[in-house]
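Q: Protein chains in written order, with the numbering used here: chain C, 1 to 318; chain D, 319 to 671; chain P, 672 to 967.
Check each hint, because a few of them may be wrong.
To be verified - Beta-carbon label-pair distances, calculated as ranges: (1) Gly-742/P / Phe-345/D: 53 to 59 Å; (2) Pro-636/D / Trp-130/C: 44 to 50 Å; (3) Pro-169/C / Glu-464/D: 55 to 61 Å; (4) Gly-134/C / Leu-856/P: 43 to 49 Å; (5) Ala-73/C / Gly-487/D: 35 to 41 Å.
To be verified - Only pairs whose alpha carbons sit at most 25 Å apart, straight line, appear in this in silico DMTMM-like list of lysine to aspartate or glutamate: (6) Lys-504/D / Asp-532/D; (7) Lys-420/D / Asp-211/C; (8) Lys-504/D / Asp-621/D; (9) Lys-854/P / Asp-961/P; (10) Lys-854/P / Asp-797/P; (11) Lys-504/D / Asp-206/C; (12) Lys-504/D / Glu-451/D; (13) Lys-854/P / Asp-206/C; (14) Lys-420/D / Glu-373/D.
Everything labelled a hint here was simulated from the structure, so no lab data went into it. Treat the numbers as computed from the prediction; the structure is a model and nothing was measured. All residues carry an ideal CB built from backbone N, CA and C; glycine is no exception.
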Amino acid sequence: MARYLLTRAWHSALTLLLSTVVVFLGVRALPGDPALALAGEDRSPEALAAIRHHYGLDQPLPLQFVQYVQRVAQGDFGVSIRTGTPVSSMLTTALPVTVELSVLAILIAAALGVGAGVLAAVRRGHPAEWLANGLALVGLSVPHFWLGLLAILYLSVAAGLFPASGFVPLLEDPVDNLHHLVLPAVILGTGLAAIIMRQTRSAMLDSLSSDHVRTAKAKGLPPRAVITRHALRNSLIVVVTIVGLQLGGLISGAVVTEQIFGLPGFGKMTIDAVFQRDYPVIQAVVLLTATAYIVINFLVDLLYSVIDPRIRVTGEPA
Amino acid sequence: MTTVEPADTAAALGTPVLQVRDLSVSFRTEDGTVSAVDRVSLDLASGEIVGMVGESGCGKSVTAMSLAGLLPDSARVSGSVRLEGTELVGAREPVLRRVRGKDIAYIFQEPMTSLNPVLTVGRQIGEVLQVHERMSRRAARARAVELLSLVGIPSAAKRVDNYPHQLSGGMRQRVMIAMAVACGPKVLVADEPTTALDVTVQAGILQVLRDLRDRLGTTILIITHDLGVIADVADRVVVMYAGRVVERAPVTDLFAHPYHRYTAGLLSASPVPGVHAGTQRLQEIPGLVPVLSTQPDACTFADRCPAADDQCRDSAPPLAVVPTGSATAAPDHLAACWHPSPNPRTQPEEATA
Amino acid sequence: MTVLTVPTADVTGPAGISRRIRVLRRLRRNPLAVLSFGLLALVAVVALLSPWITPYSVEQTDFAHTFSPPGTPGHLLGTDDLGRDVLSRIMLGARASLQVALLAVATSLVVGVPLGLAAGYFRAWDAVISRFTDLLLAFPFLIMAVGLAAIRGASLTNAAVAIGIAQIPGVIRVVRSDTLRLKSLDFVAAAVVDGASDLWVLARHILPNATSVILVQATVAIPAAILGEAVLSFLGLGIQPPAPSLGTMLATAQQFAARAPWAAVLPGVVIMGLALAFNVFGDALRDALDPKGNRR
């Protein structure tokens, strides 16, 4: 157990370090002088020199990297070229929106996906299986931002059921907050649900035909116990791993969803930054996404070790 | 089989616990129907150990699984399986569920995969008791400890909280047995219980099964392709080939006087210590068990049989009492063969001794 | 007496001819597979020929007839905000979608297959390649695209490369595990015992037998790439206007949703149809390759 966790922790740390290097070098890979890019509008020699000095661009690369890591570790991601506000404070306002959206989406996706996956696996040949399979295929194939557009067009604008855009902080008005987030979360969640459904179904089918489920049936356990305690519990190991790996897709999806629904989150901040060539913001966003992905997948590994007592050092999903 | 069904000896010992009549099983597959079991009849008397033997694919396991309705939906089962008079073929799921694990319990080949890897062994044994005996989780756990010691697991109080992967193969199989006997089943079906285990461990497992019969009077149907296992524990033997019972006899009688050509082939394909060590090469039976879409009116062994003639290919031999006149005929020795084995490999004196 | 042939082990190895024929036969018997394949073939032909067969030039504006609804004479699917023919733009947009998808999948295969083979075959490489995979996974495709767009600018190629890079880990994973499986098979062991070089074994024995999983992976990756392209173009990170793209058409439609709500429907339906056809065909292919598998 300890050895497994140590291995995972070490791998995560290594990946984190490597991604920091990538992000750091990414900015150096910008066309032309990074100072020029960082300077934005004001390109006077004095301003450029100041920027070079501020970002340590006049120093050797390894030293620059160390300084970069030091600054980031203190939460200093630099200052937005466009607005002049510190990137860290932009993040503090944007992140809660994205986190709430993502958590809601994951909850919706897990409930829908696992439920439909189990149903499709258990009711083989039944119309319910066809329906679940068909819906999953459509969910996998539909562009979700388009669904979002249609939802805004028909549910929000035409029918007036939901606000078409905007956001109210959770602490300000929880009901209104949910009202604003429900539609985006459902749209974001259904895509993930389709993936979870297919994985759950295939893991459940594997499980249901496994020897230990045969044993459970031979013991005379009622179907509910066979399905939940013996088949589903084992399938969840696979499903949890998949959800962890799908996190990247979720982050991508959140960016688009926020853009469509005009949610003032991380995604909107990212897209705006790209078009405004706001490099410090982009750098922070990319680094933060990578970090979130790595940390959450490490947590998934921990969860994995809770569900499955057979801890294997390789860390390969069963 | 439309010919006269010979009375099984078990019937003579009193009402059989389990009575199987004309059990047939076929499967629907992508390539059409496959017939797996053809009109198998069999009685299990209380407290006896019956061995069922044959090559892989001969229908042993399918027969075993069909007893408690454990076959997949693609299986079509006909005939009759009566457990102390209650018909199980075609019985509704809730009825079968009450039988499974309580009256008919199973042990499978792979103790590694047959146990749930994410539940403790105590929990898995306790589950049976919770379902069938309505025990509380605590009481079931306490009983699980007793059962573990019953099947010879040392420091059972500690092992009860282990996960399967923390136990050795032999231990796991003992856990399977503990789970199977938890509710004191009338019939224990052991499907290749020792095949996946080391030879040294095998003996221990077989000993546990024998003990259970002696102490609890459990009726055991043991399925194996290993004649050594049969010789070790079984009272009676049923030989299956391509879904049919081809021979049925008390264990000593079968080893001494194999009547069916297939049985003779099986015996000469496996070594029996002391009998012919070093004197004779082991014979192999050429060919494979055929996969049949329908059951032909012919001996299905004919294609692999050295003595097969037109009679064998044109009509199925009935399962009948082996005629007197052959070595030491017994009324409870049955076989389905037109041209039986002329010279049993072992001498009668040796085997009957 | 009907004796079916005993299912024998494939003597020629899993890539044997008989197997290929069986797979094709199974595909032909599956109506969904035939339907999706037919649709894809049609789309492919239209996409290939679209520069010559579109009713109008895609960039030909007509400010007198903007926002014509579908069914307008001369414009079957109507016109957009600049009076351009929607049908023509959809045809070329689908072509661009396929271009991006194929380029992306090709990128992921060119990088992923050799790495997957190496990771599965050479123990020493496995750890290094695994860390590389972890690193790639840490950058979701959109973030990757954002970074690439920031560094190199937004374009069709960069969108395809970003999607392709994001798909590399998936390719590595399936190729690696199939290589591990194949490596343990007797015919590979026999080749090794015979003194075949590692490269020879990989090229002659493992790669050919791994094609089926690679094929399946590709059919999963293509619809994902089509959706990815749509997202990137919608956000302005992909194909740049005025070049037609289904994603940018939707972005425009969003701006004029009040005036022309129908414009938001068609491009989405086309994207979904394309992705769905690939996904259905991918499922059918997987079923056909692995009949014992649990998909049907």
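Q: Which hint numbers does the structure go against, in order from smallest to largest?
A: 4, 5, 8, 11, 14
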